[in-house]
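The listed protein sequences derive, respectively, from chains A and B.
For the first sequence, our numbering begins at 46 and goes up steadily by one.
For the second sequence, our numbering begins at 7 and goes up steadily by one.
Hints in this document: simulated from the structure, not taken from any laboratory.
Among the clues, some could well be false.
Pairs of lysine-lysine, DSS-like flavour, derived with a Cα cap of 27 Å [to be verified]:
{"hint": "1", "chain 1": "B", "residue 1": "K172", "chain 2": "B", "residue 2": "K185"}
{"hint": "2", "chain 1": "B", "residue 1": "K32", "chain 2": "A", "residue 2": "K146"}
{"hint": "3", "chain 1": "A", "residue 1": "K56", "chain 2": "B", "residue 2": "K172"}
{"hint": "4", "chain 1": "B", "residue 1": "K172", "chain 2": "A", "residue 2": "K90"}
{"hint": "5", "chain 1": "B", "residue 1": "K172", "chain 2": "A", "residue 2": "K53"}
{"hint": "6", "chain 1": "A", "residue 1": "K227", "chain 2": "B", "residue 2": "K172"}
{"hint": "7", "chain 1": "A", "residue 1": "K146", "chain 2": "B", "residue 2": "K8"}
{"hint": "8", "chain 1": "A", "residue 1": "K225", "chain 2": "A", "residue 2": "K164"}
{"hint": "9", "chain 1": "B", "residue 1": "K8", "chain 2": "A", "residue 2": "K184"}
{"hint": "10", "chain 1": "B", "residue 1": "K185", "chain 2": "A", "residue 2": "K112"}
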Amino acid sequence: MIQLEHVKVVKQDTVILQDINLTLYKGDKVLLKGDSGSGKSTLIKSLLFFEQFQGRLLFNGQEITVKNLCEYRRQSGYIGQITPNFNENVWDFLSIPYKFKSNKALTFDFQQMQELLEKLNFDEAVLDKRFSELSGGEKQRMLILQMLLLDKPIYLLDEVTSALDKKNIQSVVSLFTGDKNKTILSISHNQEWEDHCSRVIELEKGKIVMGGD
Amino acid sequence: MKISYLSLFFYLLLLLIPIAILVYLKLKIVRSVIVSFTRMIVQLAFVGLYLEYIFKLDNPLINALWILIMIIVANQSILRQTGLRFKIFFFYTFPSHIITMVFSFVTFLIVLDMGTFFSARYLIPIGGMVMGNMLRGNIVSLDRFYHSLTQREEEYIYYISLGASKMEALQPFISEAVKSALSPYIATAATMGLVSLPGMMTGQILGGASPVVAIQYQVMILVAIFVASSISSFLGILFSIIPSIDDCGSIRRDIFLGETTKGTKVRR
């Protein structure tokens, strides 16, 4: 369970988020909606403590401090609107996380990768392609695949289906919302998310106007 | 041949040509051109006077002090040009320059003997050249590092989220920054002698040294510049990370001048 209590974010003297009270329960599937500039991305970054804010962030009832922040972040998988510069092939791209020290104990689950490739409508030949030569949509799905292989309990997603066609949006949404144990918070403008999420939170000018605590 | 002040003054009048071009192009940098060139003349005149004295005194302590002042000014200039906040970075980037310069000076002794190198006539101009380039390299690398990190913060957070430690997640940004700082030197080294004759070599030849001696010094100084720029652009970033990014990878919000954030840091 993740809780934001009376969270306020001010940047350059502009209030970005104001009095945010929000609880994400285990297994929640939450869609975060709002116009651009309403503070959605800032809210997701606050949930990871990558924004400085006034207020409190709690994980399973415990306040996040320097001591437990790294561990807390390890539990959450964040995917933003990014296109990393990566010149090696897709196979190398997928193996990046396994080179990190904290993931030394993890083993690359080849079978799960094959399943995810299929669910995300990829052909296995894609593994030999250069990552930089993939299309925008393919890159987006590849980031999702890479993160899903790590099997995190919490996923925080910022417009992860923005470059996808309808078929792929459906695949991605069902992958994230299909597992009842995973906690999902997704920013998106796609109806598909709204149809599959259990809760919708709407932000307007930095305030929650619908679906907060 | 000596240049007379009068002829140098007439030569300066040539600046009216670029100023006319700038006015015609409506580029509003005429003022800064005039200010910069005036500053250059005043500063060089002062340096000329100081150097006359320093060369005459040739006191190791004064030489060391002079170099120290140069490093402080360089550090300040690097932070000002990159828009990074003095209060946060000054004492962290400073040691990186000190380490670089001490390393440079010690390694010059491979080529030059101690008595010669530590005399003001050698130490100060050579130190100045190395430091000038170190400054340029640092401006490029720090600027590139902090700007790409803040612009592509999502990518950085993504790596942290994949399980990367702070340094693992920063590594692509550090590599890019160091590469952009060093690329110009690599390009310059490759065309040296073909496209351009470097300033030091030209100066020595004009001063009457044989081209062979001038080339020897030039090779030494180019290697020194490249080594110093590599060490300092890398160390500069590494040391600057200490106050700006905490152990869990959070980036301070007020690293750039003019940015303020009201909020609490993670509680201890």
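| query | Tell me, which hint numbers fail for this structure? | reply | Hints 2, 7, 9 and 10 are the ones this structure does not satisfy, whereas the remaining hints hold.
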